[in-house]
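Work out the full structure, taking the sequences as your base and the hints as a guide.
Residues 46 to 204 in our numbering are what the sequence shown lists, from first letter to last.
I should point out that these hints are in silico values taken from the structure, not numbers from a laboratory. We treat Cβ as the ideally placed atom computed from N, Cα and C, and that holds for glycine. Please note that the accuracy of each hint is not assured.
Okay, the calculated beta carbon distance ranges per label pair [stated by the list, open to error]:
id, residue 1, residue 2, range
1, D166, P101, 33 to 43 Å
2, H148, P101, 29 to 39 Å
3, L184, D76, 14 to 24 Å
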Amino acid sequence: MEILDNFLDEKYFNDLKNQISAVNFPFYFVDGVTDDKNNDINHFYFFHKIYDNGQPMSDFFPLFVPLLNKLKVKSIMRIKVNLYTKTHKLVKHNMHTDFSFDHKGALLSLNDCDGGTWINDKFIKSKANQIIFFNPAELHTSTSCTNAQARKNIILNYF
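Structure follows, in structure tokens:
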């Protein structure tokens with residue numbers, strides 16, 4: 046695992062963040078955060094799928110091309126934008142893997158908050174423009190946040 050602050054240049058990062066935060070950027074509700082549905086009403090989130098199944102899934106895909114270039118992506122598996130709403134108490138979701146085989150993962154935080162990502166037994170708090178490189182075949186999970194309206198991030202699975 047590697048964590049880098051100020052990963053994107055400020056202009057591109059702000060443009061990316063602002064477009065994702067705009068009223069015309071759609072998010073879709075998911076009942077449960079991982080495949081393991083535990084019937085906890087606090088386990089939900091919103092997402093926007095940018096790329097999946099070998100093709101762009103969103104008209105916003107071109108916005109992510111500079112990020113893909115910076116990451117030197119050879120092959121994309123999936124790109125998602127996640128949004129976890131504020132909760133009264135920090136909610137840790139269920140541990141999971143994205144895919145069962147080793148590959149590259151990058152999680153870019155779009156805002157500062159007390160929520161974050163658990164990778165195995167390490168917690169990394171969300172920090173705007175910070176990227177976490179890890180193998181998403183390892184156990185990891187997300188949390189909500191308590192000190193911001195929402196926690197937003199971009200997750201990329203790639204080679």
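How the hints compare with the structure:
1. The supplied range of 33 to 43 Å is met by D166 and P101, whose beta-carbon atoms lie about 35 Å from each other.
2. Checked against the hint of 29 to 39 Å, the pair H148 and P101 fails, with Cβ atoms roughly 19 Å apart.
3. A beta carbon spacing of about 22 Å between L184 and D76 agrees with the range 14 to 24 Å that was offered as a hint.
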